[in-house]
Amino acid sequence: MLILHIHHMRKRTSLYTCRNCLPLSLFLLPLMFATLLWLSGCIFDTSSQKPPNVVRIGFFPTITHAPALVGTMRGDFEKLFSRHGVQWEPLIFSSGPAIIEAIFANRVDIAYVGPGPAISGFVRSSGNEIRVIAGCSLNGVSIVGAEDKEGIATETLSTKRVAVPSIGNSQFLSATHFLKSLEKRSTASRDTALQIIPCSSSDVELLLRKHQVDAAWLPEPWATKLVHEGKAQHIAAESDFWPSQCFPSAVVIASRRFVESRPDLVTAFVECHAALCDEINSYREKLAPLITQSITSFSHKSISEDVVKGSLQRTTFTSNPHPEEFGLFYEFAKESGFLRMPKTRITLETIFVTVPHGRLVEAKDSYSTTSLADTSLAGLERSNSNVSR
Amino acid sequence: MSPGKSVWIYRVWLIRLVFLVFALFAWELFSRLGFVSSYFLPPPSEILLALVDMAKKDLLWESIARSMSRMLIGYGISVIIGTSIGFVLAGNSIFKLTFGSLVAALQSVPSICWLPFALLWIGIDERAIIAVVVLGATFSIATATENAVRNIPPIYLKVGQVLGAKGFVLAKDILFFAALPEWLGGMKLGWSFAWRSLMAAELIRQDALGIGRLLEIGRAFSDVPMMLAAMVVILTVGSTVDSLIFGTLERKVRTVYGLDR
Chain H
1 MLILHIHHMR
11 KRTSLYTCRN
21 CLPLSLFLLP
31 LMFATLLWLS
41 GCIFDTSSQK
51 PPNVVRIGFF
61 PTITHAPALV
71 GTMRGDFEKL
81 FSRHGVQWEP
91 LIFSSGPAII
101 EAIFANRVDI
111 AYVGPGPAIS
121 GFVRSSGNEI
131 RVIAGCSLNG
141 VSIVGAEDKE
151 GIATETLSTK
161 RVAVPSIGNS
171 QFLSATHFLK
181 SLEKRSTASR
191 DTALQIIPCS
201 SSDVELLLRK
211 HQVDAAWLPE
221 PWATKLVHEG
231 KAQHIAAESD
241 FWPSQCFPSA
251 VVIASRRFVE
261 SRPDLVTAFV
271 ECHAALCDEI
281 NSYREKLAPL
291 ITQSITSFSH
301 KSISEDVVKG
311 SLQRTTFTSN
321 PHPEEFGLFY
331 EFAKESGFLR
341 MPKTRITLET
351 IFVTVPHGRL
361 VEAKDSYSTT
371 SLADTSLAGL
381 ERSNSNVSR
Chain L
1001 MSPGKSVWIY
1011 RVWLIRLVFL
1021 VFALFAWELF
1031 SRLGFVSSYF
1041 LPPPSEILLA
1051 LVDMAKKDLL
1061 WESIARSMSR
1071 MLIGYGISVI
1081 IGTSIGFVLA
1091 GNSIFKLTFG
1101 SLVAALQSVP
1111 SICWLPFALL
1121 WIGIDERAII
1131 AVVVLGATFS
1141 IATATENAVR
1151 NIPPIYLKVG
1161 QVLGAKGFVL
1171 AKDILFFAAL
1181 PEWLGGMKLG
1191 WSFAWRSLMA
1201 AELIRQDALG
1211 IGRLLEIGRA
1221 FSDVPMMLAA
1231 MVVILTVGST
1241 VDSLIFGTLE
1251 RKVRTVYGLD
1261 R
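Note that the protein sequences, when read in sequence, are chains H and L. Residue 1 is where the first sequence starts when you use the working numbering, and the numbers rise one by one after that. Residue 1001 is where the second sequence starts when you use the working numbering, and the numbers rise one by one after that.
Just so you know, not all the hints are guaranteed correct.
To be verified - Listed next, the in silico EDC-like pairs over lysine to aspartate or glutamate satisfying Cα-Cα at most 16 angstroms (straight line):
1) H:Lys343 <-> L:Asp1058
2) L:Lys1188 <-> L:Glu1250
3) H:Lys309 <-> H:Asp240
4) L:Lys1057 <-> H:Glu335
5) L:Lys1158 <-> L:Asp1173
6) H:Lys309 <-> H:Glu279
7) H:Lys180 <-> H:Glu155
8) H:Lys286 <-> H:Glu305
9) H:Lys79 <-> H:Glu89
10) H:Lys309 <-> H:Glu285
11) H:Lys334 <-> L:Asp1053
12) H:Lys210 <-> L:Asp1125
Claimed, not checked - Pulled from the structure, derived: some chain L residues nowhere near chain H, Cβ distances all over 12 angstroms:
13) Phe1019
14) Ser1037
15) Ala1050
16) Leu1097
17) Ser1108
18) Ile1155
19) Val1169
20) Ala1171
21) Phe1176
22) Gln1206
23) Arg1213
24) Asp1223
25) Met1226
26) Arg1254
27) Val1256
Treat the hints as calculated values from the structure; they're not laboratory data. Backbone N, C-alpha and C fix where the C-beta goes; we use that ideal spot for every residue, glycine too.
Please model the complete structure; the sequences and the hints are all you need to start from.
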């Protein structure tokens, strides 16, 4: 380009009108573009960026990610990784899609995330990037209504304006599915139609107060916070809508790269995570101050301990990802029409990775029914053999 | 227009087209050869597929329709308010001293900063977004109108007055036409401010389906081709209005005013 430029400076002609230069510039421009792309390839090159021996763990400062909060604050993760001779780094996120982007960009190895983003990330990467290594929390999502209005019956929710935290997230998917099917089922004449309004959790309070929505489908701690502060009333729990009365609200995912390169760390991490889940289930009251403190310090927003206690009561922690219910989120996402399927066929079963010692296989909590076991676990074991190859 | 000039324009477009095709081809090749994973930087063909998919689902058309209706309402309001403020500012020195300083200060606030207040005062609906668009464009249109009126050579007004024009006739036949070229520049600037404000508002506001929202919907589903398709839509719609409507208008005005050289 420089040569061209000098040439035209001498000849004092425009680059466009110089016949001699036209073929040259036509050749040079794509070349320049290709160089640019190559350079950007160096920037985008995700394989070389990872500093050696650092495990990066992403999570939100929220109730459903409590095992990560406790493990980080109390030093459980630190102990675990130093035992394996590696360092680790916590990364705080505020939205599921951001975590998936970080995994795509190889900036996060293990992450706590809702089923919705995990499934989108899995599908959009043609099943290549995301693996679910454990469950994290069950339930912990409630439907609340405006405080100053008379209570709304669950059955009439299909005629209301319902706020959900974000388009495409787990609450959006399940609210859309359950309310739409409720709408189809109800035969009563309706004067208002169902409206699902995505808006950020912090706007919900304003919306409820101004009666611009009738109800909100909120994860913890938002639901409990609004009820606790007297700004909303509890209508129902999302688990009431589920056939098995429970659903995963957060799972632990890892990038496929990490699962394949360090299965030992994945196994150790899942064991540590499972122990944390059990501990939080048993000692909610005792761990509430620690969780409150970590939410406050990570999110820079204060939250009362009572809200945390209430939220923890509505949430169950388990390392079982509940594949069957998780799979339903996949159906909801397809149903929503927003999730575009890749050209290659994918099966959701391959998202699950079983870790040795059967953590996943062992049905630990009262929620796991026997009906859940056979079909989905067969898938799990298959995927396990895929991973270990 | 001389024949030489038309050949020149033709050649410029040819070069642009060839460049674009080459660039897209290089991009496609770059992605296909596996330098980056396709969900990280998808090739143009996948972006096209995403675009077609959005068009099939009516998501694209509804988004464009909603965004454009917001733009038309918001921009329409700001043209009326902005032009009126501009005329008053140019004509009234007390108004200029008091309100004028406020307009200059308000112009420096990116309109998206008003969004939380719009939500609080107006509520979470269309009007809040339109308010942000109005706030984005009004002050720049007002400032441009004021300058356009102030920069009218006084001789025009004097000639008009000598020929017996006054009051409304003076404003309609002389002020308006004398200020038109510069005012049009302000209108174009106002449009691009309004467009930016709208995109920002739609990105933030989750309930507002629109062109800006397409980007966030794509993001919510980790759908990078859809995100890039949304960028293509933003770029296409923005530049089409800019060059087709305002470009044509400006060229017309320049020709009529004998300014086209």
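Hint by hint, here is what the structure shows:
no. : hint                    : verdict
1   : H:Lys343 <-> L:Asp1058  : 21 angstroms, violated
2   : L:Lys1188 <-> L:Glu1250 : 9 angstroms, holds
3   : H:Lys309 <-> H:Asp240   : 21 angstroms, violated
4   : L:Lys1057 <-> H:Glu335  : 13 angstroms, holds
5   : L:Lys1158 <-> L:Asp1173 : 13 angstroms, holds
6   : H:Lys309 <-> H:Glu279   : 15 angstroms, holds
7   : H:Lys180 <-> H:Glu155   : 12 angstroms, holds
8   : H:Lys286 <-> H:Glu305   : 11 angstroms, holds
9   : H:Lys79 <-> H:Glu89     : 13 angstroms, holds
10  : H:Lys309 <-> H:Glu285   : 6 angstroms, holds
11  : H:Lys334 <-> L:Asp1053  : 14 angstroms, holds
12  : H:Lys210 <-> L:Asp1125  : 11 angstroms, holds
13  : Phe1019                 : 5 angstroms, violated
14  : Ser1037                 : 7 angstroms, violated
15  : Ala1050                 : 7 angstroms, violated
16  : Leu1097                 : 38 angstroms, holds
17  : Ser1108                 : 27 angstroms, holds
18  : Ile1155                 : 38 angstroms, holds
19  : Val1169                 : 47 angstroms, holds
20  : Ala1171                 : 43 angstroms, holds
21  : Phe1176                 : 38 angstroms, holds
22  : Gln1206                 : 4 angstroms, violated
23  : Arg1213                 : 8 angstroms, violated
24  : Asp1223                 : 5 angstroms, violated
25  : Met1226                 : 7 angstroms, violated
26  : Arg1254                 : 22 angstroms, holds
27  : Val1256                 : 28 angstroms, holds
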